[in-house]
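Engineer: For reference, the chains in residue letters:
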Amino acid sequence: MKGRHPTRLHGVAPQPDLERAELLQGTLDMLILRTLLWGPAHGHGIATSIRRLSDEVLTVEHGSLYPALQRLLQQGWIVGEWGTSSNNRRAKFYRLTPAGRKQLVTESSKWERLVQAIGRVLHPAGEKP
Amino acid sequence: MKHSWRTVLAKLFGPGREFNQSLDEELQSHLQMEIDENMADGMSATEARFAALRRFGNVSRAKESARDTWSFAWLDALARDVRFAWRMLIKSPGFSAVAVLTLTLGIGANAAIFSVINTVLFKSLPYPGADRLVVLNEYKLQHGNRSVSWLDFRDWGRQTQAFEDMAAYRVADVTLTGAHEPTLLHAAEISASFFKILGVQPLIGRGFTAADDKPGAAPGVIVSYPFWRNVLKGDPNISGKALDVDGISYSVLGVLPPRFNFFGKQINIYLPVGLHGNDSTWNRRGFHPDLLVLARLRAGMSLGSARSEMNTVMNRLEKEYPHSNAGMLASVTPLYEYRFGSIRPILFTLFAAVSCVLLIATVNVANLLLARGSSRVREMSIRVALGAGARRLVRQLLTESIMLSLLGAAGGLACAFLGLHAIMRLAPQSMPQISGAAIDMRVVFFTLGVSLLAAVLFGTMPAFQAAKVDVNAAFKENSRGSGSGRAGKRLRSSLLIAETSFALVLSMAAGLLIRSLINASNVDPGFRPDHTLAMDVMLPPTRYAEPNRQSVFYTQAVQRLAAVPGVQTAGAAFCPPLAGVCASNVFTLADQPVSSVADLATAASNLVVPGYLETLKVPLKDGRFFTDSDNQRSRLVAIVNESFARRWWPNRSAVGKLIREGGPERNEPYREIVGVVADVRQNGMDGEQQPEVFFPVAQFPFAPWDSLQGMTFVARTQGEPGAVAESAKNAIWAVDKDLPITGVRPIADDRAEALARREFSTVLLGIFSGLALLLAAVGIYGVMAYNVSQQRHEIGTRMALGARVQDIRKLVLSQATALTLKAVVLGSAGVWISTRWLSGLLFGIKASDPLTFSAVCALLGLVAVLASYVPMHRALRVDPATALRAE
Chain A
1 MKGRHPTRLH GVAPQPDLER AELLQGTLDM LILRTLLWGP AHGHGIATSI
51 RRLSDEVLTV EHGSLYPALQ RLLQQGWIVG EWGTSSNNRR AKFYRLTPAG
101 RKQLVTESSK WERLVQAIGR VLHPAGEKP
Chain B
1 MKHSWRTVLA KLFGPGREFN QSLDEELQSH LQMEIDENMA DGMSATEARF
51 AALRRFGNVS RAKESARDTW SFAWLDALAR DVRFAWRMLI KSPGFSAVAV
101 LTLTLGIGAN AAIFSVINTV LFKSLPYPGA DRLVVLNEYK LQHGNRSVSW
151 LDFRDWGRQT QAFEDMAAYR VADVTLTGAH EPTLLHAAEI SASFFKILGV
201 QPLIGRGFTA ADDKPGAAPG VIVSYPFWRN VLKGDPNISG KALDVDGISY
251 SVLGVLPPRF NFFGKQINIY LPVGLHGNDS TWNRRGFHPD LLVLARLRAG
301 MSLGSARSEM NTVMNRLEKE YPHSNAGMLA SVTPLYEYRF GSIRPILFTL
351 FAAVSCVLLI ATVNVANLLL ARGSSRVREM SIRVALGAGA RRLVRQLLTE
401 SIMLSLLGAA GGLACAFLGL HAIMRLAPQS MPQISGAAID MRVVFFTLGV
451 SLLAAVLFGT MPAFQAAKVD VNAAFKENSR GSGSGRAGKR LRSSLLIAET
501 SFALVLSMAA GLLIRSLINA SNVDPGFRPD HTLAMDVMLP PTRYAEPNRQ
551 SVFYTQAVQR LAAVPGVQTA GAAFCPPLAG VCASNVFTLA DQPVSSVADL
601 ATAASNLVVP GYLETLKVPL KDGRFFTDSD NQRSRLVAIV NESFARRWWP
651 NRSAVGKLIR EGGPERNEPY REIVGVVADV RQNGMDGEQQ PEVFFPVAQF
701 PFAPWDSLQG MTFVARTQGE PGAVAESAKN AIWAVDKDLP ITGVRPIADD
751 RAEALARREF STVLLGIFSG LALLLAAVGI YGVMAYNVSQ QRHEIGTRMA
801 LGARVQDIRK LVLSQATALT LKAVVLGSAG VWISTRWLSG LLFGIKASDP
851 LTFSAVCALL GLVAVLASYV PMHRALRVDP ATALRAE
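Protein chains in written order, with our numbering: chain A, 1 to 129; chain B, 1 to 887.
Excised from the complex, chain A in its bound form (with noise of 0.2 Å):
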């Protein structure tokens, strides 16, 4: 493999830290939807778009996609169907639903703004960088 050590999402159930837990399940469900963004994509091609644009830093396992994309579909975010996939495998595909781009504007927002203050207080403004 690369020499980089690619960053893991976890996300999933027996954290003890239940609030680290909540910020990066966040963090992923808003990465599914706006990858979901251009179109919609099965389970493999989301994994895939995430890993490629964030230059193979961010790599989701398996174990938090699946069930993060079934939150984001218990909250109307998104919704699935079977369909067909470009090597003719049969794959559910997921599309984001006009409630789903709300979120995705909203959760965007409160990102930009949370990197942002973080920002601010690693260099605060009159310091060198």
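It is worth saying that the hints were derived from the structure and are not from the lab.
Computed from a prediction, not measured in an experiment: that's the story for all the values here.
Wrong hints could be hidden among the right ones.
[To be verified] Among the chain A residues that face chain B by a calculated CB cut under 7 Å, a handful are:
1) Glu61
2) Tyr66
3) Pro67
4) Gln70
5) Asn88
6) Ala91
Think of the CB as a built atom: it goes at the ideal place given N, C-alpha and C, for glycine as much as any other residue.
Here the structure of chain A is known, so what remains is to put chain B in place on it, guided by the hints.
Structural biologist: Positioned in the frame of chain A, the structure of chain B alone reads:
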């Protein structure tokens, strides 16, 4: 997270099979895509597959995690715990059955008895402000309660401040005549304010007013609800209609609400007591017509100040009217105590008994759980080693304990209903209050709470112990339940000793009561109750106003009765044996004058028709019985019982002595004592024995007692008393066909009834102590069995080293004996403490009776030995080789 309702439902019931298949397919296809990609990257098929699988991670875990989002995690965990707990309980059926049974018995018995106690003690006074109600009575120190005289009652009303209101009352029996069949009715004569004091409003019509309560008022009555429904046919326009009672026409003024039951028995009809206001006898201050006074304390007045005010008033009356009121005092008793005073000791004893049983049951369950817990420490340790958190373990044990408690509670509830039913059937007639008892849910919850607490506390101990235990030590082959340790063993032993001593106390109490019952049954009633028929006849005062008429009737009736075929002898008396209805009177002895009124002789006065004493086969000790020649024209005579004779003429014969009724203020003629008979029990089989004086009815015309309205007829029969019942009644009716005859019974029934109350409490207590012993036995068995199982190693070693069967037996038995001895010591202290309560209930035996105590200790010892028998047997079957080799 907000979910649609569809999602919530789906979460509740969990994903279905379709979901699982779909997910499977999806994951498979994902995996396949990875493999395809890998192959496209240039790997071989096998390599591609391995790489993909490695990448993918644990497929089943992914599936599980996905599935888990479709459930409420805690619900799932709970369901799992419950299923597991159920399996564990099923796996040790002996333990579970015993624990559940223990709880069932403890909770059930408790709930049943508490409900009875609750109903009888607390619910039976449904009057507003019932704690302010009191009953006033007059009494003289040596002569007991005398009832209240009419004039004194009037003066009380005028001279006291402590009471808001006062009402006189008494019960009487009247006959319903006129348009209806002659029927005997239980009636009460009351002052107008009676219902007002009790806060009772009539359902229909109105109550009495002061105007109704005066002599010469238009006679009105108030009827009870059942009477209105059954006899008056529920006539809604009953107000103002006429009702004939004892030949007088009354107007029905009102109907009481249902379930009004102030008096112990059902009263059908209420008349104003004030109608007697002009009776010459009632206007004699010394005449006490069986009245009692109900009063309500004024707001802010305490019982103590009411009592002292009454003392002042009575002192004043004593000074003003020395002849009638000398030595006369008044008692003020709270209504509650007045009604239930006699039942309280029984109920409190039962209360104590039940608490004991509950404690024993709880201790038993605790012990069982502890013992079982210790044997599960190893299991717990393994689970800790495998990664279970302490919280998880505790949660699971908790589930088990709670399940156990709930099962026990369900059983207990069923047991409670059955138990209550049984108690109500067992209860004697003289405790009518019990008939309304219902299960009080508060009791059930309380008991359940206690059991739950015990179960939770002791059930989860193994988890706490396991969390602390050294995992390695627990795994070692020759460790022996190290989780228990010495402290655990001590705890279990102490609990067991405690419960056994409770059982001892209860058994002692039961034993004493049983012996009291036997003593009471063996008391010589003073007469022969076999083959004797009894019946009560009342004379309506309107037709029998002259006393002569009364005595003529009674004499004729007895003659007719004696002539009935199958009847050997017959007689009649004013107060029959055991009923306790004899009135007390003072007597002046001609040859023993006294200096003060308080020293006069008192005795029960009984009027009889000659033949009575012979019919009952009362032994004659001196002199002779009455004969027909003792009538109005002949010498005045009397017969006394042995108590009277021995008291006043201890070393001489009483025959020939002269006595007369009344004290110095009266002037009755003297009577000659012609006979002395054995004591006839008047106040139940276990009551105090009274001196008694008998008069022939033909010689009795003098002070016309209102209450001489009835007599009890007795007839000794050749065969079964019941067989001549019809002919006996006809004999009475031949003299007067309009007389109601009640209580036709073999007089042996009276004897049974006299013992009934004692029997009731004895049986109940016996059941409880039996229960306690059973539970103690179970507890002992459990602990002994556990001890033996823990000591297998030791026993095996001993046997290998040459111990014989007897030695092993001695080992086990000595443990059981040590336990019993400690329990006996502790129990003795308990017995000593409970002596105070019990003495009120005992008869003919002391609470510290050594014979009973030894017997109970022996019984307990026997129980302990039996309970250890099975474990001991198991100990003997230990194969030394196996025991030594493995754990």
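Engineer: Taking the hints in turn, state whether each one holds.
Structural biologist: Taking the hints in turn, this is what the structure says about them:
no., hint, verdict
1, Glu61, "holds (6 Å)"
2, Tyr66, "holds (4 Å)"
3, Pro67, "holds (4 Å)"
4, Gln70, "holds (4 Å)"
5, Asn88, "violated (10 Å)"
6, Ala91, "holds (5 Å)"
Violation of the numbered hints given earlier is confined to hint 5; every other hint is satisfied by the structure.
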